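Got chain A; can you put chain B on it based on the hints?
There are 2 protein chains.
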Amino acid sequence: MTVKVITVGEDILGANEEKARNNKSKLDKYGILTINIMSSPGAGKTSLILSTIKKLRKKVRIAVIEGDVASSVDAEKVNALGIPVIQINTAGGCHLDANMVEKALNDLPLKDIDLLFIENVGNLICPNAFVLGEDQRVMIASLPEGDDKPYKYPAMFADTDVILLNKIDLQPYLDFNADNFKKAVTGLNPDVTIFPISCKTGAGLTAWFGWLEAVVRDKKKK
Amino acid sequence: MTVKVITVGEDILGANEEKARNNKSKLDKYGILTINIMSSPGAGKTSLILSTIKKLRKKVRIAVIEGDVASSVDAEKVNALGIPVIQINTAGGCHLDANMVEKALNDLPLKDIDLLFIENVGNLICPNAFVLGEDQRVMIASLPEGDDKPYKYPAMFADTDVILLNKIDLQPYLDFNADNFKKAVTGLNPDVTIFPISCKTGAGLTAWFGWLEAVVRDKKKK
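Here the protein sequences come in this chain order: A and B. Per our numbering, the first sequence starts with residue 1, numbered consecutively. Per our numbering, the second sequence starts with residue 1, numbered consecutively.
These are computed hints drawn from the structure, not numbers from a lab. Owing to the predicted nature of the structure, the values given are computational and were not obtained by experimental measurement. Careful: at least some of the hints might be erroneous.
Computed from the model, here is a short list of chain A residues facing chain B with C-beta under 7 angstroms [claimed, not checked]:
hint	residue
1	L13
2	S40
3	Q87
4	A91
5	C94
6	C126
7	Y153
8	V192
Backbone N, C-alpha and C define an ideal beta-carbon position, used for all residues, glycine too.
Excised from the complex, chain A in its bound form (with noise of 0.2 angstroms):
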C-alpha cells in the first residue's frame, strides 16, 4: 500500500476560523459572552460548570454546549438543571471546531442567554488550536495531574486567558507544589489570571463568580 502526503492543516485551520468568525458575529449580536472550556479528563469541567449555574441562575441567563467523544453524561446534568444545553459527539474527534459549533448555535435560543459555555472535549493538546467564537478562553487544570503538565502541554496553558486551578481541597495528600506550577505557567503565558478553587468544598470559587459576572456585563455593554 502506498501513502499519499497531503498537507491538509492549513485549509482546515483557516476555514475553521472563518467559521469561528461567524459564529463569534452572531453570539456578539446577541450579547452573549462566550467561554471555551478546555482541560484534560476528570479536571473538573462539568463540575465547575453545574457550581456556577447553581450559583448565577438567578442573575445570569446561562446555556451550556457539551463537547465529547461519546455519551451524554453530561449533558442530562445540565438538563436536570433546565438549563438549555446541546450535546455534541464528535465520535472519535478528539476537539471541537467551528463547524460543530454553529450547529449547536441554531438549537439554542440566542435571545434568551447571556452566558454560554462550551465545555470542550477533554484533551490537553488538540483544543487549542481549534477556535470557536469564543469570547474568553478558560482552562481548567488539577492539583492531582501534578505541576509539571505545563512543560508537557504548552501549547494549551500559554494560549489561554484565565487557568482554574482546580482540586486544591486533595493538596495535603498530594506533592503538588504550587510555585512550580505557577513559575511554569507565567513562563509560557505571563497575562494569565489564575484562581485556585474546590469545585467540591467551594473554596476560591466566589473570585471566579466575580470574574465571570464583569466580563459578561462588559460583553452586554459594547
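Using the frame of chain A, we list chain B on its own:
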C-alpha cells in the same frame, strides 16, 4: 477560501499498521516484551515506569521510549536511573505512531533488552487508534479523574489488555465509586484485567510486578 475534503484516514491507519507489524517482527526477533502505556495527562504513566524499573531492574533488562508533545522531563527521570531511554517529541501531535517508534528502535540496544515500555502521549482519545508494534496495551486510569470516564472515552477502555487503577490512596478524599467504574469497564471490555494500585504508597504493585514478570517470561519462551 474553499475547503478540500480528503479522506486520508484509511491510508494513514493502513500504513501505520504495516509499519507496526515490522516493529513487532523486530521486537519478536529479540524476544522483547513491549508494552504501550496510555492514559490521560498526569494519571501516573511515568511514576509507574519508575516504580517498575526500581523493583525489577535486577531481574529484567528494561528500556523506555518516552512520548510527549514537548519537553524531555520524563526521559530525564528514566535516564537518571541509568536505563536506556529515547524521547520522542511529537511537536503538537496527540499520539505516537509506528513510524516514530521505528526510529526510536534504531537507537536502542535491542539485544540487551527484555522489556520495553512505550509511554504514549497523555490523551484518552487518539493513541489507541495507532498500533505501535506492542504485545500488550496497559491503560492507567486514576481515581481523581472520576468513575464515569469509561462512558466518555469508551474506545480507550475497550481496547486495552490491562487497566491499572492508580491513586487508590486518595479514595478517602474522593467520591470515586470503584463498583461503578468496574461495571462500566467490564461492559466495554469483559476480559480486561484491572489492578488497583498506588504508585505513591506502593499498594497493589506486587500483583502488577507478578503479571509483568510472567508476560516477560512467556515472551522469552517463544
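Which numbered hints does this structure break?
-> 1, 3, 4, 8
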